[in-house]
Amino acid sequence: MLICKVIGNVVATKKEPKFKGKKILVVQPIEVDGEPYGNSFETIDIVQAGVGDIVLVTVQGSSARDALGDMKMPIDSVIVGIIDEIQMD
Amino acid sequence: MLICKVIGNVVATKKEPKFKGKKILVVQPIEVDGEPYGNSFETIDIVQAGVGDIVLVTVQGSSARDALGDMKMPIDSVIVGIIDEIQMD
Amino acid sequence: MLICKVIGNVVATKKEPKFKGKKILVVQPIEVDGEPYGNSFETIDIVQAGVGDIVLVTVQGSSARDALGDMKMPIDSVIVGIIDEIQMD
Amino acid sequence: MLICKVIGNVVATKKEPKFKGKKILVVQPIEVDGEPYGNSFETIDIVQAGVGDIVLVTVQGSSARDALGDMKMPIDSVIVGIIDEIQMD
Amino acid sequence: MLICKVIGNVVATKKEPKFKGKKILVVQPIEVDGEPYGNSFETIDIVQAGVGDIVLVTVQGSSARDALGDMKMPIDSVIVGIIDEIQMD
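Chains as they are written, first to last, in numbering that gives the first Met the number 0: chain A, 0 to 88; chain B, 0 to 88; chain C, 0 to 88; chain D, 0 to 88; chain E, 0 to 88.
Just to be clear, a hint being listed does not mean it is correct.
No copy labels: a pair is met if it fits in one copy or bridges any two.
[As the list claims (entries may be wrong)] Taking lysine to any residue and the SDA-like style, the derived pairs with C-alpha atoms no more than 20 Å apart in a straight line are:
| no. | residue 1 | residue 2 |
| --- | --- | --- |
| 1 | K13 | G51 |
| 2 | K17 | Q47 |
| 3 | K13 | K71 |
| 4 | K13 | D83 |
Honestly, the hints are just simulated from the structure, not real lab data.
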């Protein structure tokens, strides 16, 4: 999984019917020290995350779909947790 | 998913039979500010997107095939929405 | 999918039995303007492509195997079309 | 699989129910000579690895879920072994 | 698939039970001209490859597991052939 920061959301009126009612969030991967890297991407949320939250994102489609209880939803990632703390040793 | 801009299409007469009648679009990944990054790639559309549209692309094969209602079509991505607005906070 | 140019082929006498009789092609990803990028890779062909052809390659294993009608063949990509023209707008 | 070093762990109170009781470890990919490369990521452990261990990580969701005996857990990687020695010739 | 050179192997006493008796090889991706690129990774072998061999590696978990005849083994790649010759035109 990747640690990401939720930085926005996407509005799409014309979309695959299964996305209806699902919030599409923009997330930015960040390192354990908070430093952003790579490009932002769009994902779906199952833990009520919002803008500003540091989240854990599973980045594989078949895994992501299982999390939503819908094997047929065409997604490739999903937010699976809101991070409270990162403990480094 | 990735935000991409539709920038063209591909014509292929000789192709896997399941691609018959399906438009193959060329898309370029862009950041939330519209800046292109990485390389363009080819994808299939289920929401009637056209050249110039800013779209949301799911980039995983098993997810993409589900969206087309055809588990056997050999694709690795699919356009799942046309983006109206990206809201950043 | 990726646009690639077929640039060679690989000979392997000792191989997984399911590869017997299948041609293993070397392909180089290229951008829409023909410029090569990234590293070449090896793939299987279902549309009779040959060296010099510009092809469309699906780069996901489960999708690729479906194209060959063999869910058990251990491949991770497949050539699904020979490109006649790339139309940019 | 990738050789990684376990460098920390993540605390997430609000998470997908199937993550309850599972330790989420932070791992850093390293080369065979111990040199780190790329970005760290988060994973799940099935071999009782701890911080400081050099581990072998399978980085694919469907494979990872099988290792946990749970096809429905939304993960994209898993620690499958603790490395004793890397033998180079 | 990727062309790789086998450069070593990994010893792990504590590991997922299904890895017992399986040799874990270290492979380095190389270009068609033999030039190494990217990072080395670890994989499983089904064609009796050894250190120094130039091999063909399938880099997708579900494909790799099929090659081993075990849908439940948590691997993400597999060596599927030993390369005799790369023919470039």
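So which of the earlier hints does this model not fit? none
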